[in-house]
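As a plain string of letters, each chain reads:
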Amino acid sequence: MLFPPNQTAAAPVRVVVTGAGIVTALGLGWRANADGFRAGRAAFRPVTLFDVSRQRARLAAEVDLPAAPESDDAASRVGRRLDRATRMLLLAAGEAWGQAGWTGGERLPLVLGTTGGGMTLGEAYVKQALARPALSRGQPTRIVHYQAQRQGLEVGAALGFRGPITIIANACASGTNALGHAWELVRTGRTERALAGGYDALCQLTFAGFDSLQALSPTRCRPFDAGRDGLALGEGAAILALESLEPARRRNAEILGEIIGYGAATDTHHLTQPHPGGDTACATMTAACASAGIGPAQVDYVNAHGTGTPANDATEALAINRWAGPRAPTLPVSSTKAGIGHLLGAAGAAEAVACLMAIRGQWLPPQLSLIAPDPAGRFRIVQAPADAPVRVALSNSFGFGGANASLLLRRWS
Amino acid sequence: MSDPLTGLKAQIKRLLVENLMLQLNAAEIADDQPLFGPGSLGLDSVDALQLVVALDKNYGLKIPDPEVARRTLQSVNTIAGALEQHGAGRSVEP
Amino acid sequence: MVVSRVFVRGLGAVSPAGWSLPALRAAAEHHEPLPVQSLARPGWAEPLRVRQVPTPVDRPRILAHPRLRRSSAISHYAVAAALEALGPDVADGAWVAERLGIVVCVMAGSVCYSRRFFEETLRDPATASPLVFPETVFNAPASHLAACLGAGGSNYTLVGDNGAYLQGVALAADWLLNGRVAGCLVIGAEETDWIMADALRLFRRRAVHSAGAGALYLVAEDRAQTFAELVAVTDAFSFADRREQVEAARRMRAQLPAGAPGELLCLSTRNLPGADLAEENAWGDWPGARLAPKVVLGEAFTAAAAWQCVLACESLRRGKFKAANVSVVGASQQAIGARFA
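Line by line, the protein sequences give chains A, B and C.
Be aware that the first sequence starts at 1, since it is given in the working numbering, and climbs by one per residue.
Be aware that the second sequence starts at 1, since it is given in the working numbering, and climbs by one per residue.
Be aware that the third sequence starts at 1, since it is given in the working numbering, and climbs by one per residue.
Only chain A is shown next, with the shape it has when bound in the complex (with noise of 0.2 Å):
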């Protein structure tokens, strides 16, 4: 029953990490990702799935997905009808499943951040409704596979374990609320293992939107550079395994990280904009921490949200600011959105990994890209490659529609 929940834990449970995928632009799988997040690579080009030539901006952080396995075995060909979201979706899931070394489940919770779903198709819909109207051929198949349940089947189908599918479309703050929720069904003793992480698609519908309201960059992403002019769009995928610490231990499992703390809230000043206080941003920072009993000075690194826009990262450095307080002058912030580009429903699990890589590799991932730091920001922007003790890290999404959430990991040792 997923009410009342049939046990819960007396005291709340330890979460760790025993598996973790992902792919980016920077390459598919942990060990592309790390090196490119460590050496602060940035993967953007001129877009190719769609045409862009009526836009300000040109460039994303596009993924090179392997083309689909001709040969005619069943996972091919599943492999070719699959749209790019959910090739994204199965990769990042496989890797995090084969490193968990997870075989099957009944009840197994699958919660996904995405704010598109399989967008490609819906849009491949629309176009052959209006172009062709007499022509249903394909349309079912696109409508049943646009739907972001469809995509948490696909994964469940492919690694061969059930359970319930719960997706959160909270915007670019989905994949880290999708963590923060399976984290909490986990601590709390509703399940001993849950796959999250979040996935999302380039999609021509999300890409003219923002270019419509002027957020994408026409030069370069620059978070928290004074003359920063906009976000970069990117895609991707990001999944992890999260097992309660006593059953992990007494399987050996290898133990990636910790989740140790997670805090969301609500900005209500408007749709699109940030308050300029950074109060909700600077709230869900404190809840992340207050729930992990830790403060600031226990914080080594802080991926921020950093999309690059003006309004964000001036209120993302006030509300930073405002929570480190002392422990601002020498803290470390990055945003990675400078290398990998916005990951919208993937960008916090992508985030998330990103930190888990840094606190295993104990290195702060750079921003290359940053020409004057903005002076709002009290803090140190990791500016070049760099080896440090890791041993907390925070991850920031405050997304469309003022959904904000920070999650705290911890390293393992």
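Note that these hints are calculated values from the structure, not bench results.
Think of the CB as a built atom: it goes at the ideal place given N, C-alpha and C, for glycine as much as any other residue.
Worth double-checking, as some hints may not be accurate.
Covered, in the sense of this in silico footprint (three residues per stretch, anywhere, with C-beta under 8 Å from a C-beta of chain C), are these stretches of chain A [as the list claims (entries may be wrong)]:
{"id": "1", "segment": "16-23"}
{"id": "2", "segment": "115-124"}
{"id": "3", "segment": "162-176"}
{"id": "4", "segment": "199-209"}
{"id": "5", "segment": "254-267"}
Based on the hints, put chains B and C in the right spot on chain A.
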């Protein structure tokens, strides 16, 4: 014969109501009423972007950057003035 | 203070029957399918069949809120239903700001502006409407509702088939038990658009696409004046095809009590040939009364699942039944059920 300018201003007011989904009718908007800022019609940056697109689509008026937009979009009068200057007194029939 | 029970304190609904729960109840209990309107489908002579929410006779004051000026219909429905459910508690500003949670569940979601913005993009991306795009995000209704109420706490939008609504109810119950919130609105909301009616017709020729919203207001036991208790939400039994749907419906039914004559079963069946076999088979043994609101109101996905819960709780409030099971067998994801008493 209605004064072409008041004709243009009436068109601009209808354009405002339709494009910005305003919950009032065109006649209620005064020619010199500020559109943005305190005590105004309460429009925001998204409305400004929409107005720039609508003036381009309907009159071919190009507003290149936020600074020009801030000056041009202050009120129905300033928009009418810009359209007059642009020589687009006659509206592009939808 | 350990919370272990969850109660229903308010109900709200916007539907093709009108802008209130009484209007929904009257239509549902009349059992007569409401009239169908036609919706033009570009490129076709023959229009699509839908059931629209009527223009409100006296327009709810909340719809004049600045945040709702540019929003599409789905946000108007969600906010109106939520306010009806929240009732007098809306006045407790500080409590709403900190302790009220919001869960909005959608399937098609902001489909009207999404289709409209993409059409404009296909014509010319350089002049696609910036005012329309922000309203296409799935969480626009939840964001507008939070702004209308001044609710700054936990706020999730869930996406899925009809059953996503009951996952939303279970999520709200979890938040109440964990003390993350002290009260929670759970809303199912949808809007009509020709693109969605067009898609629905491909799967169920005689289905009628419908729209509106339903809202439950749940509280922990310490805030009384409640009239029903959330007794259970079954597991969410996912299925990928027709065969698995039958099995999922059966397993969902098995997690809910056998039932008695004085109890109600509120079903998600639509009285369409072949559409409801899985659900009908699962509940063949139900001894009590039955209600199938979608036969009267049409296919409104998560909003319809919300109407099922709202009607079930409303019948308990009137003392017409002692307990009610709600059964939701979605079309594309899960079978899930709930019980109120």
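These are the hints, each one checked on the structure:
no.: 1; hint: 16-23; verdict: violated (count 0)
no.: 2; hint: 115-124; verdict: holds (count 4)
no.: 3; hint: 162-176; verdict: holds (count 10)
no.: 4; hint: 199-209; verdict: holds (count 4)
no.: 5; hint: 254-267; verdict: holds (count 4)
The structure does not agree with numbered hint 1 stated previously, though it agrees with all others.
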